[in-house]
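**Q** Sequence:
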Amino acid sequence: MGPEQEDKVKMVVAGITLDQSNNMPIIILRGEEEEVAIPIWIGLIEASAIATELEGIALPRPMTHDLLKNVLETMGGRVLRVEVSDLRENTFYAVLYIEQGGAVHQIDARPSDSIALALRTSAPIFVSRQVLDKSQHVDMEMLKQALGEGPDGEGKSDKDRWTEILENLKPEDFGKYKM
2 MGPEQEDKVK
12 MVVAGITLDQ
22 SNNMPIIILR
32 GEEEEVAIPI
42 WIGLIEASAI
52 ATELEGIALP
62 RPMTHDLLKN
72 VLETMGGRVL
82 RVEVSDLREN
92 TFYAVLYIEQ
102 GGAVHQIDAR
112 PSDSIALALR
122 TSAPIFVSRQ
132 VLDKSQHVDM
142 EMLKQALGEG
152 PDGEGKSDKD
162 RWTEILENLK
172 PEDFGKYKM
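Residue numbers for the sequence shown, in the numbering used here: 2 to 180.
Quick caveat, the hints were computed from the structure, so don't treat them as lab data.
Glycine included, every Cβ here is placed at the ideal spot set by N, Cα and C.
Where hints are given, some of them may not hold.
[Unchecked claim] Within a straight-line C-alpha distance of at most 16 angstroms, the following computed EDC-like cross-link-like pairs (lysine to aspartate or glutamate) qualify: (1) Lys11 - Asp134; (2) Lys135 - Glu90; (3) Lys135 - Asp8; (4) Lys11 - Glu35; (5) Lys70 - Glu36; (6) Lys70 - Glu90; (7) Lys11 - Glu33; (8) Lys70 - Glu33; (9) Lys11 - Glu47; (10) Lys70 - Glu35; (11) Lys135 - Asp87.
[Stated by the list, open to error] The following label-pair restraints were derived from C-beta to C-beta distances: (12) Lys11 - Arg79: 36 to 42 angstroms; (13) Thr75 - Met25: 31 to 37 angstroms; (14) Lys135 - Gln107: 16 to 22 angstroms; (15) Met25 - Gly57: 22 to 28 angstroms; (16) Val105 - Pro61: 32 to 38 angstroms; (17) Asn24 - Thr65: 20 to 26 angstroms.
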């Protein structure tokens, strides 16, 4: 890790779960080498984009994040990394680092979109230590049990719950967006 990355922690997507109080999707980012994990509440559309990539589901047509990846690659660009860079008023902020033609561009983005794109491009995900200090953390023992890493090795999965939610989606669930 270079000096510019010292104030950041490399993270991986531990999984997606649902907030029990409101059924909103939550993505859990977990430290790749550090014992830290944070929850980020995201929208249903973004959660489905992340879940399809995590589950390796091939869709017949490209989703928005697939399109963005294809455009970047066609234009000779690549995602260098994603950084969850700030947390203000309970809203996370992220930056995409895109290299194209020898120049590195920093693009403001939502963490959910950034993570969906990072998964599609195998780009690393970082969270600034400042964000880690400000955000609520996930209990690592509970996370390990949920992921099947507990002493009994049996984890709980939200896969069936996600399958049910995705199968029961109706166009009106997406609000103002036309389907």
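**Q** Regarding the pair Lys11 and Glu35, is the alpha-carbon distance no greater than 16 angstroms?
**A** holds (8 angstroms)
**Q** When you take the CB atoms of Val105 and Pro61, is the distance between them in 32 to 38 angstroms?
**A** Taking Cβ atoms as reference, Val105 and Pro61 lie about 34 angstroms apart, which means the hint holds.
**Q** Has the given pair, Lys11 with Glu33, been kept, meaning a C-alpha gap of at most 16 angstroms?
**A** Holds, because 6 angstroms separates the two Cα atoms, which is no more than 16 angstroms.
**Q** Is the hinted range of 20 to 26 angstroms satisfied by the C-beta distance from Asn24 to Thr65?
**A** holds (23 angstroms)
**Q** Just tell me: holds or violated, for the beta carbon distance of Lys11 and Arg79 against 36 to 42 angstroms?
**A** violated (18 angstroms)
**Q** Is the hinted pair Lys70 and Glu36 satisfied, with a Cα-Cα distance of at most 16 angstroms?
**A** Answer violated: Lys70 to Glu36 is near 31 angstroms, above 16 angstroms.
**Q** Is it true that the C-beta distance of Lys135 to Gln107 lies inside 16 to 22 angstroms, as the hint says?
**A** holds (21 angstroms)
**Q** If you draw a straight line from the CA of Lys70 to the CA of Glu90, is it 16 angstroms or shorter?
**A** violated (30 angstroms)
**Q** Take a quick look at whether Lys135 and Asp87 sit within 16 angstroms of each other, Cα to Cα.
**A** Holds, because 9 angstroms separates the two Cα atoms, which is no more than 16 angstroms.
**Q** Does Glu47 sit within 16 angstroms of Lys11, going by the straight-line distance between their CA atoms?
**A** The hint is violated at about 21 angstroms.
**Q** Regarding the pair Lys70 and Glu33, is the alpha-carbon distance no greater than 16 angstroms?
**A** violated (24 angstroms)
**Q** Given the hinted pair Lys135 and Asp8, is their Cα-Cα distance within 16 angstroms?
**A** Holds, at about 14 angstroms.
Hint compliance for this structure: hints 5, 6, 8, 9, 10, 12 are broken, all remaining hints hold.
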